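Peer 1: Now that you have both chains on their own, put them together as the hints suggest.
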Amino acid sequence: MKKFWIIGVVSFVFVLVIVITGLKWHKQKVAGENTAIALRSASEAISNARLRHAFVYASSLFHESEEMYQKAMQMWRKENERWYFVRDYDQVISMAANAEEKVNLAIKKAGEHRDRFQKDFEKLAEQLSSKIKDFESYYSFLPLPEDIRNKFVKGRILFTESQRSGDKGEFSKAYNKAKDASELISQAYDFGKKKLNNYFESFKNWEKLNKEALQLSHSRRIIMVDKIARKCYVYKNGKISHAFNSELGRNWVGDKNKQGDKSTPEGKYYVTKKLKGSQTIYYKALLINYPNEEDKARFNSNKANGVIPKTAQIGGLIEIHGGGGKGTDWTDGCVALTDKDMDKIYPLADVGTPVFIVGSLVSWDQLKTRETLKAANDDE
Amino acid sequence: MKKSVFGLLTIAMVLVFSSCAKYPQVEVDAAKAAVEAAKAAGADVYLPEAFTGLLGSLDAATVMVEEQKSKFFSNYDEAKSKLSEVSAAAAQMVTDTEARKAELKEEALAAIESVKGLIAQNQELVEKAPKGKEGKAALEAIKADLAAVEAAVAEAASLVEGGNFIGAADKAKAANDKAVSINEELNAAIAKTKKR
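Chains as they are written, first to last, in this note's numbering: chain A, 1 to 380; chain B, 1001 to 1196.
It is possible that part of the hints are untrue.
Unchecked claim - Using 16 Å as the maximum straight-line C-alpha spacing, the simulated EDC-like pairs for lysine to aspartate or glutamate come out as follows:
#1 A:Lys168 - B:Glu1049
#2 B:Lys1071 - A:Asp190
#3 A:Lys168 - A:Asp88
#4 A:Lys168 - A:Glu122
#5 A:Lys310 - A:Asp261
#6 B:Lys1071 - A:Glu122
#7 B:Lys1022 - A:Glu81
#8 A:Lys179 - A:Glu122
#9 A:Lys274 - A:Asp339
#10 B:Lys1071 - A:Asp88
#11 A:Lys119 - A:Glu170
#12 A:Lys133 - A:Asp190
#13 B:Lys1039 - B:Glu1098
#14 B:Lys1143 - A:Asp147
#15 B:Lys1143 - A:Glu146
#16 B:Lys1069 - A:Glu33
#17 B:Lys1069 - A:Glu81
#18 A:Lys195 - A:Asp134
#19 B:Lys1069 - A:Asp88
As the list claims (entries may be wrong) - Derived coverage of chain B by chain A (criterion: at least 3 residues anywhere in the stretch with Cβ under 8 Å from a Cβ of chain A; other residues may be distant):
#20 1026 to 1033
#21 1070 to 1083
#22 1141 to 1155
Think of the hints as simulated: they come from the structure by calculation, not from any bench. Source: prediction; values computed, not measured. Using N, Cα and C, we set each Cβ at its ideal position, and we do this for glycine too.
Only chain B is shown next, with the shape it has when bound in the complex (with noise of 0.2 Å):
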């Protein structure tokens, strides 16, 4: 009889203290590391939307894997399965946003290279446009112009070599506007003078 009950009771306190499958802490550190690595690579930045989706996933596993925990029997295989998606998709994306860093910052020196040679364009078409009586270019007004421009665009450089390439393109294309209009001011003016 004694048998019987201290059986009983053994199995009961197994039951209770053995029944818990292994937490996944390797996994959850491992998906979370990899999160981590996509934000520092700019996926926040550059790809906010998919990574606004990685963070849900990444919360969606960590439930997941609590709710095993406070299970009397727990299984952590979904789980796992859900926190190695996550990490898959996380180191994708870090491969993701360094293409997407490549494709603007090519946008962007693009742009730039735009914008310099319009400058380019319009100082050969301030040396046409016409001159002052003592021999000095009456074009201050558009000189000024030209230097904001510039300016904008030595801003923009210095904004890609700081791995700002959203807002380096950004300005190198507000800049290429603006060069624009001076070109077609300059190209205006000297028709001007030629119709005369």
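The following block holds chain A by itself, in its conformation from the complex (with noise of 0.2 Å):
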């Protein structure tokens, strides 16, 4: 009867154990698989992330999930070298949730800022590209300095890179990219146009001048000179009777304050001297009275405010002469036209017959109106 009993509760034991053993045996198998699952899908979402380039486009939230991604690997790691019965893999299961949950954020911030990204790119391009047509319309023909016209270049080619990075889908590096040539464009576009806008404050007196000029053309022959048209005209009984194309000084933007600043002047002046054969190394020139008293008196008026140093020199000897056709602006300050239009104009000319000399004679709003200041050149 003992025996019996002994035998009883052993077998009960035993078949108690092997019940709990496969129960726990189950409860691991399960949970074992259900970290499985958390993980891949993690694992799932940070390749999603990646193709989404979430490392770039929100970097610190994927770095984090990565981070959180590993810490639960180790984790799995740590806990898989225990005992298989006392395994516990809940902080497993719930690190692997967050970081999924924060990988899906990243892609969802990645989205976002991808967008964001093309968005203020393009707006910047656009916003670029027509600063660059501008530039190139308006003031790349001005005589500007060797710096800005290098910022504007090197500003240019960076835009060009930004464009390809675009067409790639690389939005951020394209906006950074565009930044930086925004920045070289926009310094050479603001100089150019400050340049041209302070140079038009003179236009209400070119508009007088001109108004002058068209009256005085009804007792006699008048040559008016548009700088910014690069025309020279011969003007009528009010109206324009020849129209020749000219050059000028190098830096003809702006009135001739001094010898050697490669300016052409501008006012009113007259014939003083024709010049041909062996007078002139130019074919035929019309001497002007430059300096003018408006130009001395400015002149010394620089002098004394110290706009120019006291050593300068006025200069002199300006004239439309002949030797033009060179395609840019080459003179020291003369008016260069062609040597056949020398022979049109030479004529026309007499010593006192007046010469005005104005930066435009349209307004700048006007100017541009037409298609670009330089199709307007290369017409010509």
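Peer 2: As structure tokens, this is what we get:
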């Protein structure tokens, strides 16, 4: 009887152990499977995030989620080192779920940031294209300092690079390059704009001179030089009777301030001498009375105010002469025509013929409405 | 009786402690090292999409390994096979990356040569272009533009030396665009002078 009880109790305990072990084994099996599902899901989300460049557009969120995933893997490994029946995967699953949640947030944020970068880049690219077009149309023909031109070209090259990045869908890179390009291009653009705006502050005076010239032309021939249009006109009876292409001093924007500034003077002058043959090296020439009284007064005032050095000379020998047709502004301040055109204008002028030189006969707004200044120059 | 109980317990213990197959640490380390080698070769830069796929495969394989480890009866055969695939793909990626790098390097060098050719051509055109009153070239503007293009080419060349072939190709191509526009500008100026 006693034996029977012993066998019965031992058998019961054995069966109980087997049942408990079986249940625990099943529980651990399910927990292991769930852990694998959680980690696999997190890993797939991370791969998806990588494909969407979350490491660029939501960098910190992505890296945080990646760290959490690695930590979950470490915890899983550590737990797997323990005896099968005492492993606890709850923390691993929780960490994997957090990693997945975070990486999904990173994907969402990356999408938003990428769209924002794309929009910002496209907006900036549009602004830059317009600035480049304006600069090339209105300001690039101005005599600009070398560093300003250099900035523009560097910016232009950077902008092309940014467009290439944009074409590849690398909008963050494209935007950052466009921003660098914008800084350079804007400096050149602002310089050119300011220079031209300052120049056109004299427009009222140019208009006044043109009115006077047109009135005077009813009684005699007048020569009118429009610097921006690179034109030399002959007025007769209030109308243009002849129009010639012209070339100017290399630093032609603005009035002439002193000898050697390579600028063409602006104002009202007259022909003082007609030169030809051995009298001039430029085929034929019409010498004008630069500096006139107004030029002298301004020169003295500039000298007194320290605008120009005390040792500066006012210069002279400004002519309308031949040798032109080089396609560039090359003189030291004279107005150059082709020899053929000099043959035409020379007999139309006498000593005493008024010569008006102005920056422009039309306002800046009118000029801008023309297709482009460059195109206008190219048509010549 | 005692013997049979002892026998059953022994079998149970054997099952508990000796049922696991050997953890494929060597294969895991080899796959990780192969992926690192692909990254060191520049696969993440030159073949980004393929490299992202490779990282995903490595992650999937390591999950498979741990999944087996978490089982009472582990079987690493499938995981080992996946790890070998990852190692092989990573090794192939090193070769592919080198080939892509060589291709891009060639592209960058060709673009640099092309710009250099255009710069030389432009410098010749500058000589032919309208000259100034005092015999000096009156094309400072274009010369400044050319200097900026030359600087960009030098930058592209140094990027090639530094192994940044994508950046070098982009810069050289951008410089090439500008050199072409200068070339057109110069030719137009010369044609205009001839016309006159």
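Peer 1: Would you mind marking each hint as holding or not holding in the structure?
Peer 2: We went through each hint and held it up to the structure:
1. A:Lys168 - B:Glu1049: 13 Å, holds
2. B:Lys1071 - A:Asp190: Violated, at about 71 Å.
3. A:Lys168 - A:Asp88: Violated. Lys168 of chain A to Asp88 of chain A sits at ~47 Å, over the 16 Å cutoff.
4. A:Lys168 - A:Glu122: 13 Å, holds
5. A:Lys310 - A:Asp261: Holds: Lys310 of chain A and Asp261 of chain A sit about 15 Å apart, inside 16 Å.
6. B:Lys1071 - A:Glu122: Given pair Lys1071 of chain B, Glu122 of chain A is violated - Cα atoms ~54 Å apart, limit 16 Å.
7. B:Lys1022 - A:Glu81: 13 Å, holds
8. A:Lys179 - A:Glu122: 12 Å, holds
9. A:Lys274 - A:Asp339: OK: Lys274 of chain A and Asp339 of chain A at ~14 Å, within 16 Å.
10. B:Lys1071 - A:Asp88: 13 Å, holds
11. A:Lys119 - A:Glu170: 12 Å, holds
12. A:Lys133 - A:Asp190: Roughly 13 Å separates the two Cα atoms, so the pair holds.
13. B:Lys1039 - B:Glu1098: 12 Å, holds
14. B:Lys1143 - A:Asp147: 12 Å, holds
15. B:Lys1143 - A:Glu146: 9 Å, holds
16. B:Lys1069 - A:Glu33: 11 Å, holds
17. B:Lys1069 - A:Glu81: Holds, because 8 Å separates the two Cα atoms, which is no more than 16 Å.
18. A:Lys195 - A:Asp134: 14 Å, holds
19. B:Lys1069 - A:Asp88: 14 Å, holds
20. 1026 to 1033: This one is violated; 0 residues, fewer than the three required, reach chain A with a Cβ under 8 Å.
21. 1070 to 1083: Answer holds; 3 residues pass the 8 Å Cβ test.
22. 1141 to 1155: holds (count 8)
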